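Residue numbers (our numbering), protein chains in the order written: chain A, 1 to 289; chain B, 1 to 310; chain C, 1 to 436.
Bear in mind the hints are in silico, worked out from the structure with no lab data behind them.
Among the hints, erroneous ones may be present.
In silico EDC-like pairs for lysine to aspartate or glutamate, Cα to Cα no more than 16 Å straight-line [claimed, not checked]: (1) C/K121 with A/D254; (2) C/K430 with C/E368; (3) B/K106 with A/D138.
A few chain A residues that don't get close to chain C, going by computed Cβ distances all over 10 Å [to be verified]: (4) Y5; (5) L6; (6) E54; (7) S56; (8) L62; (9) Y73; (10) L90; (11) N136; (12) I155; (13) K166; (14) A182; (15) W185; (16) V214; (17) V224; (18) V237.
All values reported here derive from a predicted model rather than from experimental measurement.
Virtual Cβ for every residue (Gly too), placed ideally from N, Cα, C.
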Amino acid sequence: MDSIYLLYIIALLASLSCALSGTLLTVQKKAMLGDAISHSALLGLVLAYLISGERSIPYMFLGALVAGIGTAYVTEKLKNTLHIQYDAALGVIFTASFAVAVILISQYARQVDLDAQHLLFGEIALAPFDTILFGNSDLGPRAIWTLSLALLCNIVVITLCWNRLKATLFSTNSMQAIGIKAQYWQQLCSILVAITAVSAFESVGAILVVALLVIPTNTAKLFVKHSLLQTIIISLVISLITSIQGILISFWLDTAVAATIATSLFVNFLILSLIQNWIYPSKANIQTS
Amino acid sequence: MYNLSHRILGKYSLLPFFFSLFLLVILTKQAVADKTPLKIVATTGMIADVVKNIGGNLIEVQALMDSGVDPHLYRPTSGDIRALTQAEIVFYNGFHLEGRMQDVLKKMARSQATYAVAENVDAPLIYADDQVIDPHIWMDVSLWNKVATYVHKTLSKHLPESSNELNKNFQAYDAKLKQLHQQVIKQIASIPSKSRILVTAHDAFAYFGRAYNIQVVALQGINTADEFGLNDLIRIQNVIVKNNIKAIFLESSVPAKFMKSLQKGLIRKNVEVAIGGELFSDAMGKPDTVEGTYIGMISHNTKIIVRGLK
Amino acid sequence: MVELSLIALFQEPNFLWVILGVCMLAIATSCVGTFAWLNKQSLIGDAMAHCALPGVAIAFLFSQSRHPLILLPAAIIAALTGNAILNWLVRRTKLSPDSALAIVLSGYFAIGAMILSLIQKMPIAGKAGINQMLFGQAAALDSLDVNVLTITACVVIFIVMMVLPRLRMVIFDSQFAQTTGTSVAVYKQLMGVLIVVCVVIGIQIVGVVLMSSLLIFPAINARQWSNHLHRLLVISAITALLASVLGVLISYYFSNMPTGPWIVVFLTIFLLFSLLFSPRSGGLVKRIIDYRQQTIIHSENITRIWYLLHHKTDNKNTAEFTKTDALKVRSMKSQTFNRGFKYALKKGWLEPWGYGYRLSTLGFSKAEKITRHHRLWEKYLSENKQLPAQQVHNAAEYAEHIIDDNIADKLDEILGHPSLDPHGQFIPIKKDSSQD
Chain A
1 MDSIYLLYII ALLASLSCAL SGTLLTVQKK AMLGDAISHS ALLGLVLAYL
51 ISGERSIPYM FLGALVAGIG TAYVTEKLKN TLHIQYDAAL GVIFTASFAV
101 AVILISQYAR QVDLDAQHLL FGEIALAPFD TILFGNSDLG PRAIWTLSLA
151 LLCNIVVITL CWNRLKATLF STNSMQAIGI KAQYWQQLCS ILVAITAVSA
201 FESVGAILVV ALLVIPTNTA KLFVKHSLLQ TIIISLVISL ITSIQGILIS
251 FWLDTAVAAT IATSLFVNFL ILSLIQNWIY PSKANIQTS
Chain B
1 MYNLSHRILG KYSLLPFFFS LFLLVILTKQ AVADKTPLKI VATTGMIADV
51 VKNIGGNLIE VQALMDSGVD PHLYRPTSGD IRALTQAEIV FYNGFHLEGR
101 MQDVLKKMAR SQATYAVAEN VDAPLIYADD QVIDPHIWMD VSLWNKVATY
151 VHKTLSKHLP ESSNELNKNF QAYDAKLKQL HQQVIKQIAS IPSKSRILVT
201 AHDAFAYFGR AYNIQVVALQ GINTADEFGL NDLIRIQNVI VKNNIKAIFL
251 ESSVPAKFMK SLQKGLIRKN VEVAIGGELF SDAMGKPDTV EGTYIGMISH
301 NTKIIVRGLK
Chain C
1 MVELSLIALF QEPNFLWVIL GVCMLAIATS CVGTFAWLNK QSLIGDAMAH
51 CALPGVAIAF LFSQSRHPLI LLPAAIIAAL TGNAILNWLV RRTKLSPDSA
101 LAIVLSGYFA IGAMILSLIQ KMPIAGKAGI NQMLFGQAAA LDSLDVNVLT
151 ITACVVIFIV MMVLPRLRMV IFDSQFAQTT GTSVAVYKQL MGVLIVVCVV
201 IGIQIVGVVL MSSLLIFPAI NARQWSNHLH RLLVISAITA LLASVLGVLI
251 SYYFSNMPTG PWIVVFLTIF LLFSLLFSPR SGGLVKRIID YRQQTIIHSE
301 NITRIWYLLH HKTDNKNTAE FTKTDALKVR SMKSQTFNRG FKYALKKGWL
351 EPWGYGYRLS TLGFSKAEKI TRHHRLWEKY LSENKQLPAQ QVHNAAEYAE
401 HIIDDNIADK LDEILGHPSL DPHGQFIPIK KDSSQD
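Using the sequences and the hints, build the whole thing.
Set out below in C-alpha cells:
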C-alpha cells in the first residue's frame, strides 16, 4: 500500500486510541499523566538496555511500557494511600524516575545513544516503513499492529465496563466518596492510558500523544455537557478530522508531521474556546479563587 | 484529439502519426534516461560530500541532515521520507548514528538499494561499550577513505557504463583524502607530546584520537541524555593543569556554557587556558563554505586544535 | 583524584559557584513552589519549560543568534504568554486546571517542534543543538549564574514577604479577601509571573528536572509537618537547601554523578521520610497504630468466641476449647487469628487448660462486657432505627469494641433495661465495675 495511506491509517489509529483513553483520563482530572510517562519512560529505556544489553525496539518498547505502567500504578497508589494531590504525586514519580535514569546513564551508559529523543518527538513519517518481518513475509508497519491492539484494548475495556466506569470515574478527590471498588477502576483506567500512551509514543511521539489524550476531549467538552458517551464520540470525530488537517498542513509546509497535528489540535481548541466564550460568556465561569 | 484528427486527416493517416509519436517518445525517454543523474539520498552531510565528490555530475545527491544538523537530534519530515522513497540509492552511516531511523533504513534495504557505509568498512572499530560501536568513524580520515572506496564500488555497480568517469573522480578524491590524512598526522605530531590532549565537550573524537595519536578527554559521553557532575569537571581541570594544556574546545552541538564554566573556574585558580575555538563534531559547517565539506571540516578542526595546543 | 579535605573544597571556584547558586535557587524555587502547590499547579514548572521552546525557536529563527541575552528573554516572554493563556482557560472556560496545563504544555511544545523542523531545513549556521540551549546543567554554574540566582532569590523573597499577609488571605480565604477589597486576580497573577520568571531562569541554568523537583518536593514535604503558611515556607526552604548541599557534595566526591539528579534523589529521600514518619500524616506511623488497634479488636472477638462456646455447651464445667473449635464458630484468617489469640493470652483473658484453652475470670468478665455492649447496641438499632436483624448484628460487631461502659449504661436506660436482644439472647447484666 502506498505509504501516504499508511500514514493516514497510523495517524487515525493513534488518534482514536488516544482520544478514547484520553477521555477517561480527563474525566478523572489526571490530564498530565501522558506527559509524566514521556519523562519516566527514559528510566524504562535505560533499565531495558542495562538488563538486556540491546537497543533493539522490542526491548526498548518493553522497557518504556513497564515504566509507563509503573508510573500510572504507583502514582495512583500514592494518591490514595498518602493523600497527596494527583498532580503532585505525578511530579514526584516522574522527576525522581528521570533523575535516577540520568544517574544510571552517567554511570553505566554514557557512550550508548539510546535515542530517547525518538520517544519524545516520534516520527510518524517513518512509521509506514517500520514494518514487522516474520520469516520472509512483511507483516506491515509495526505501528499499525501496536496501535490496533491498543485501540482494541480501549474499546474492550470501555464497552465491557461502561456502567462501572460511568459510576466510578466522576468521583471527587475526597477519599470518603471513593470506595475500594472505585479505586480499582481508576487504577485500571490509568494503566490502560499508560499502555495506549507508550504504544503511541513509538510511532507518533510524546508531543502528539499528550495532545491527543487531552485536547480532543476538552474540545468536545466545550459543546457537550453531562454525557460521557457524547463526549467520547465527539472527541473521536475531532481527533480524526484534526489529524487529517494536520497531515495536510505538514505536507504543505514540509514540517514534522506529528508536531503539526498537535499544533492543529491546539489552535483549533483555542479558536473554538474563544468563539464559545464570546457567544456564551457564562456567569458561572468567573471564579473567585 | 481523436475527433479533430479524424476530421482533418482521415482515419488511416492516424496510424503513421501515432507510430512516429510512439517512436519519438521511446527515443526521447532513452536519451532522457541517459542524461538524468542518479538520484541519491544520504543521511549525513559528510556522506553526501563523499558521494558528490565521487559521483560528480552523474549523480544528484541530497543530504537529509545537511551541514549544521546534529544527527542525534534530527527528525525526518514527510518531504524527507518522500525523498528517501524516491531515491534510487540511499547511503546512511549505521552503528545507530541515525537512531531509530536505522531500523527503517534496514527494512528499506529489502526493496531499494540502501547501504550502511560505516558498517561496510573493514577496519578495527572502537567499542564504546560491550556490544556498542562508536559511530563517529568520519573522524579518522583513513577510515573515511575506506568509506569512499566502498561508495565508489557501489556507484560503479549501479552505473557500470560510467565506470571511467567514476574511476577518475574517485582517484582524484582518494588522493586528496590520503594527502589529508598525512597532513593531519604531521600537524598533530607537531604538538609536543605532553600537550597533546584534546579537551572537548562530548566524546565524538575517539577515532580522531586513535588515528592521530592524541589523547581525548570529554566532559560528556555520546549519549545525549548524559550529564556531567562536579567531580568530572574538576578532574578535567586537574588534567589541564597537570599537563599544561593551553586550550580547550567547544562544539557546535553542545552548549558552549559547559566548557566556558570549566574555563572560568581555571582562570579563577590562576590557570590561563583559552577557548581554542569551535570544532565540527557531528555536523559540518555552513554549506557553500570550505568548512561545509568533509575535507574542510577536518582541516578546520586540525588547524584550530594545533593552533590552540602548540 | 579530587581533594577530599574541607579546605580544598572551598578553594574550588566551580564548587563554590555551584553550591552557592544552587542554594539560592533552592530558596527561591521552594518558595514559589509552595505557592504553586497551594494553587494546585505543581506541574507548572514542567509546563513552563515546554512553553519556553517556541520562544527560543522563534528568536533563533529571526535573529540567527544563539546568544543567551536574546534567547532567554524570548523564552520568558513565551512562557508568560503560555501562563496567560493557561489562566484565561481556567478562569473563563470551565476547564479543569490539570487539563489546561496539559493542553498549553503540549500545544506550545508542538509549535516549538514545528518551528524547529522548519529551522532544520534552513541553511543557518549554528542551528545544531538549538533546543539544548534552553536546558542547563547544575554542575556548569559560573559566577554570572550565581549573581543572577542571588538577585532572583532576593527579589522573590522580598516580594513574597511584602505581600505575605495579603497572599495568605487570597489563598486560604478568598471570600474574605474580596470583601476587604483585595483583588484576588492581581495577587494570583503576581505569583504566576513570579513563578514563570523563576522557572525559566532556573531551567536555563540547571535544567528542567531539577527545577520541577525543587518546585514540587519541598512543598509536599513541608505539608507533612505543618499547615501554617510561614512554617510551610521555612520547612520547604530548609529541605531544599539540605538536599542541594548533599547533592552537590555527592557530585563533587564521586565521578559520573551528575549534580542535578542527585539533588532530586535527596529530595526524594527526604520526602519519603516525611511521608512515612511525620506525626501529622505519616503513613507508616498510622499503619503501625492501625495494626495495633486491629490486633486488640481481633483479640476481643476471639475472647468472645470462647464465651459463646462456653454458653453453647451443656456442661459448664468443662470450659476448655481448642483453637479449631473456635475457628468453627467464627472463621478468620489464620494469621489474624494467631495475632489476636497471642494478644488475648498476653492480656490473660484466655489461659491454657486441659487439652485446649479456657476463659479466665478476667476473660469471662471482659467477654461478658463486650457481649452486653453488642446486644444492647443491637437492641437499640432494631428498636429505634427499625433495621433488620442481620444488619444490626453486623453493625454491633464493630460497635462493641468502641462502646464503653457509660454509653452502655445510657443505652440500657434508654431501652428500659431489656433482658433480650433482637435475636432472643440474654443481655448480660452489668457486673460490679471493680471486677474490671
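Compare the structure with the hints numbered earlier in the document and write down the numbers of the violated ones, lowest to highest. Of the numbered hints, 10, 16 do not hold.
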